[in-house]
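Next come the chains, spelled out residue by residue.
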Amino acid sequence: MTAIHRELRAIEIGEAALAEMRELAPSLVFAMIVTDDGFELAHAPQKTIDGGRFGSMTSSVQALSEAVSRELRIGASSYVVIAAENGHVLQQRVPGQSLILAALFDNHETLGKALSISRRCVEKLSAELAPHNLQGFPGSTTHP
Amino acid sequence: MAEHVILFAGPMGAGKTTAIRSLSEIEMVNTEASNTERHIVDKETTTVALDYGEITLGDDEKVRLYGVPGQRRFDFMWSILKERAKGMILLINNDAPDAVALAIDYLASFRELVESGSAVVGISRRDLARTPSPDDYADALSAAYPGSLIPVFTVDPRNAGQMTTVLLTLVATLDSRVQPEAVQS
Amino acid sequence: MVLILETKPLIPGLIPTSGCLITSIDFTPEDVSALLERFTAVPAATRFGGIPATGWARLAMVLHPLHGSTDCLVLVDLAEGSTIVIDWGRKDYWWPGGGVIPIDPTISNVRIFRGQGARLPYMLEEPDDLSTLLWHVGLHAFPTTPAWWLTDDVRYQLSRWPDFTAFAHSPDHVRLTALLGQAPHTATELARAGGVQESHAQQLINTLSLMGLVREVPIEDGAPAPQTTERPRGLFGRLRARWGL
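Residue numbers (the numbering used here), protein chains in the order written: chain H, 5 to 148; chain Y, 232 to 416; chain U, 549 to 793.
By construction, these hints were calculated from the structure, which means they are not laboratory data. None of the values given here were measured: they were computed from a predicted structure. Ideal placement from N, C-alpha and C gives every residue a C-beta, glycine not left out. All clues given are correct.
Just a few of them, taken from the derived set where beta-carbon distance is under 7 angstroms, the chain Y residues facing chain H:
no. : residue
1   : Val260
2   : Thr262
3   : Ala264
4   : Ser265
5   : Asn266
6   : Thr267
7   : Thr277
8   : Val279
9   : Ala280
10  : Arg304
11  : Phe305
Coverage of chain Y stretches by chain U, computed from C-beta distances (three or more under 8 angstroms per stretch; other residues unrestricted):
no. : segment
12  : 288–298
13  : 375–389
14  : 399–406
When you get a sec, could you build the whole thing from the sequences and use the hints?
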């Protein structure tokens, strides 16, 4: 079975979702959808950040946060926030997929709005990447 | 709290997670994710942040066992953890292509630990590939780090007895370096 | 008759790999005799013209001088009928049907064949690492005294670690080896530094020397012994205690 980050249709869906996110939030600096083990499905906008490294770090941070949640027995991790002087990074899982959305917002965006936009994005991705939507789509091929 | 941090490094599939599990007194904390590179190493999951286990020596003393991901794209975790490490155990799967060169390549990322004599090499999966031999690794290590004396052992990471020997050896070399008289029975 | 020289039917279709294939079709009983003639019998060694080496000491006295050689085959016939076959070049050995290596064997004959490219014909079984045999031989050849090739005017320093996980060993072996890695010691000095009986320290030095894992460092006149003081309990000791070793 082809890994999802190499499926063209999945990549198109990912790119479209991120494009919509950018329209909703001009404060979005960079966003990426990665597999659980850190490989990129899609990113937006043009790379200003080392996407490979960012993807791997996203994977590590997600795994660490989930390990903390398990250790403390506080249920599934909902989202991860890294709040810094000049921006904040939000990470959320895409429900039903082994994918993570990581988005860097500048400080013009409130955390609440950033969360809301991110949640909307992952819910959309979840619906559109559902297996019944991906199967048999005309022209669906594998990205090398 | 006195803590002794021991790092487990090496390529994916060498047995780092298993080795820590063999030694840890607590249920290991792991950060496994689905492996999308099964064409490279046929494992369902892979470590993407760290593995953590520990051995408690007393109320105020622990040996902390950290395993880092094997893939180079996670080498930022190597940097973070090696700063805290007192010593390291490199695990290499002997059935990897050019396993000796792979070992030398990995050790280069932990040069400071190796040069200070704070490293042990464990060769796993030697039941699947008998060569290269421990001597082959030792020859290469002597060439890359002249004057160093890095132990090289054949190991099965599932074998707690063997992993105990590896860890005791690392600790013996650390102890004897700092305070030769401290290698107390 | 040693395994390599028994005639057995060739297994069709078997492709040679490194040292693991039977090619007995190459040998006839006449070949066997001819091949055995090429091995030189090594008589039992004596110390100072008197005491003969018996048991593993005999083998140790044959093997120790071979360090530095690459092309030797050694056959060790045990009185109970089995033969240990050593490929010194590859650092492998076979002991067909041997079972547990005895502590005190009776060696009836030791034969050695030196020659460029001396290699065994392919064997039925995978070999074992020679280091496991040398460890056993070293521990039992001279259990309480210096090995006969050792001298009084040197210290010993570790040049390479043995592969401890491959053979039965104790935590004391590990920590004494670590001490040898840090500085050269005589057996007396090692015993004092490690807090063990001198015979134990000597036994380890004997063994590591047989395995070619220590180098000699001449004791110069007036050179100080390695420092040993009262030992606080290091991490090694605390870990060992934790594990009940």
